[in-house]
Amino acid sequence: MKEKIKEMIASIVYALYEKGILKNHIQVASIDETIDALIDTDNSLVRFGDGEITLISGIASATQLGNSELAKRLVQVLESDEDKLLVAVVDGFGSMSCLHRDSQNFWKKHFLKYRKDYNKYCHPEKLYYNALVSRCYYPMKDRSKCTERFERIKDVWKDKKIVIVEGEKTHNGVENDLFSKALETKRIVCPAQNAYEVYEKIIKACLNFGREYLFLLSLGAAAKPLTYDLFKKGYRVIDIGNLDLEYEWYRNQVKEKTTIKKHEIVGVSDNINAGYTDYLEEISFIVSGEQGMCHWHGKDINEAKNWIYIN
1 MKEKIKEMIA
11 SIVYALYEKG
21 ILKNHIQVAS
31 IDETIDALID
41 TDNSLVRFGD
51 GEITLISGIA
61 SATQLGNSEL
71 AKRLVQVLES
81 DEDKLLVAVV
91 DGFGSMSCLH
101 RDSQNFWKKH
111 FLKYRKDYNK
121 YCHPEKLYYN
131 ALVSRCYYPM
141 KDRSKCTERF
151 ERIKDVWKDK
161 KIVIVEGEKT
171 HNGVENDLFS
181 KALETKRIVC
191 PAQNAYEVYE
201 KIIKACLNFG
211 REYLFLLSLG
221 AAAKPLTYDL
231 FKKGYRVIDI
241 GNLDLEYEWY
251 RNQVKEKTTI
261 KKHEIVGVSD
271 NINAGYTDYL
281 EEISFIVSGE
291 QGMCHWHGKD
301 INEAKNWIYI
311 N
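Heads up: the sequence shown begins at 1 in the working numbering, then just goes up one per residue.
Quick caveat, the hints were computed from the structure, so don't treat them as lab data. You may find that some hints are simply not true.
[What the hints assert, rightly or not] Using 20 Å as the maximum straight-line C-alpha spacing, the simulated EDC-like pairs for lysine to aspartate or glutamate come out as follows:
| id | residue 1 | residue 2 |
| --- | --- | --- |
| 1 | Lys261 | Glu175 |
| 2 | Lys72 | Asp117 |
| 3 | Lys141 | Glu18 |
| 4 | Lys72 | Glu200 |
| 5 | Lys201 | Asp102 |
| 6 | Lys262 | Glu282 |
| 7 | Lys232 | Asp42 |
| 8 | Lys181 | Glu281 |
| 9 | Lys233 | Glu82 |
| 10 | Lys120 | Glu69 |
| 11 | Lys154 | Asp177 |
| 12 | Lys145 | Asp32 |
| 13 | Lys6 | Asp102 |
| 14 | Lys116 | Asp50 |
| 15 | Lys113 | Glu3 |
| 16 | Lys19 | Glu7 |
| 17 | Lys84 | Glu33 |
[Unchecked claim] Derived Cβ-Cβ restraints for the label pairs, each shown as a range:
| id | residue 1 | residue 2 | range |
| --- | --- | --- | --- |
| 18 | Glu3 | Asn24 | 17 to 27 Å |
| 19 | Glu212 | Ala60 | 32 to 42 Å |
| 20 | Lys19 | Glu184 | 42 to 52 Å |
| 21 | Asp177 | Lys255 | 21 to 31 Å |
| 22 | Asp270 | Lys19 | 51 to 61 Å |
| 23 | Ala60 | Glu281 | 10 to 20 Å |
The beta carbon of each residue, even a glycine, is placed where N, CA and C say it ideally should be.
Please model the complete structure; the sequences and the hints are all you need to start from.
What follows is the structure, given as structure tokens:
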């Protein structure tokens, strides 16, 4: 009953903004405009979802414990106004008619609680881009544009050398063609949880690559300051978040959220047994987390490959 009341209040308040009775002050581009901006320019992109906003408020997300330092970094990036760094948020300020009902309810409740934070840290004169560019299948009511959108997203890294910075379970592009248009793929494998705790190690690994590489980040909240810091050092960086998960759901045309088998594969032996040898060959660096969270199991790493192991 309490949840139903919250949904009702959230819907009423959102309707007041949608009808212009209450005034929105934040402008957000569409998903297609966001894809255009990534294809037509060499701009970088950093995305803010619900998890980053809750972390700013001191509440842990699903993959990252909160701390005051991280909260300050997230605010720094959200407030940034750098030329060629696109900041993306979920468009809770216009119509949500493109989303299916469950997604609408989720975001309406989110904005009921956190709209004040967006208004505090986002500039009314700035155009923000759409964070749902990496969530362009499951939340959508009309999925007829998904094929076109994913094909256009693949063009962002067409004929480019890429470095994927990801958690150890993520396996971006494994068993699908998401990065098939890339010229070369390298990987930095990081802790699946609390990656920000080893942030300095992660950026140290990243800086071993030249600026001809496009960085694609799939690292939760840690991806936000990492995008900003690499961008400031002259790299092009795109925070892709859960794009691979969304692409898998699209490929399988799921009706409900499902788990993906590759997300349970950890360690050299399990990756070899799964047939992920190409994935293993793409790894350049492995960043160790606390309590061995990012250790590869089943085989000595030096015998498996000449990776650089940062611990």
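Checked hints:
With a C-alpha separation of about 10 Å, the suggested pairing of Lys261 with Glu175 holds against the 20 Å cut-off. About 13 Å separates the Cα atoms of Lys72 and Asp117, which keeps this hinted pair within 20 Å; it holds. As the CA atoms of Lys141 and Glu18 are separated by approximately 18 Å, the hinted pair is consistent with the 20 Å bound. Distance hint between Lys72 and Glu200 is fulfilled; the C-alpha atoms sit about 16 Å from each other, no more than 20 Å.
Using a Cα cut-off of 20 Å, the hinted pair Lys201 and Asp102 is violated, with the two alpha carbons roughly 38 Å apart. For the hint pairing Lys262 with Glu282, the CA-to-CA distance comes to about 16 Å; that is within 20 Å, so the pair holds. Restraint check for Lys232 and Asp42: satisfied, since their Cα atoms lie roughly 14 Å apart, inside the 20 Å limit. Distance restraint check for Lys181 and Glu281: the Cα-Cα separation of roughly 18 Å lies within the 20 Å cut-off, and the hinted pair is therefore satisfied.
This hinted pair checks out: Lys233 and Glu82 have alpha carbons roughly 13 Å apart, not beyond 20 Å. Proposed proximity of Lys120 and Glu69 is supported: the alpha carbons are some 19 Å apart, at most 20 Å. A C-alpha spacing of about 9 Å is found between Lys154 and Asp177, which places the hinted pair at or below 20 Å, so the restraint holds. Taking the CA atoms of Lys145 and Asp32, the gap is about 10 Å. The hint holds against a cut of 20 Å.
For the given pair, Lys6 sits about 14 Å from Asp102 by alpha-carbon distance, which is consistent with the 20 Å threshold. For the proposed pair Lys116 and Asp50, the alpha carbon gap of about 13 Å is at most 20 Å, so the pair holds. Between Lys113 and Glu3 the alpha-carbon distance is near 14 Å, which keeps this suggested pair within the 20 Å criterion. Restraint check for Lys19 and Glu7: the C-alpha separation of about 18 Å stays at or below 20 Å, so the hint holds.
Annotation: proposed proximity of Lys84 to Glu33 holds, straight-line Cα distance about 15 Å (limit 20 Å). Between Glu3 and Asn24 the Cβ separation comes to about 26 Å, which falls inside the hinted range of 17 to 27 Å. Against the hinted window of 32 to 42 Å, the Cβ-Cβ separation of Glu212 and Ala60 comes to about 37 Å, which satisfies the hint. Against the hinted window of 42 to 52 Å, the Cβ-Cβ separation of Lys19 and Glu184 comes to about 50 Å, which satisfies the hint.
A hinted range of 21 to 31 Å holds for the C-beta pair Asp177 and Lys255, which are about 23 Å apart. A C-beta distance of roughly 53 Å is found between Asp270 and Lys19, which places it inside the suggested range of 51 to 61 Å. The hint said 10 to 20 Å for the Cβ distance between Ala60 and Glu281, and at roughly 35 Å that hint is violated.
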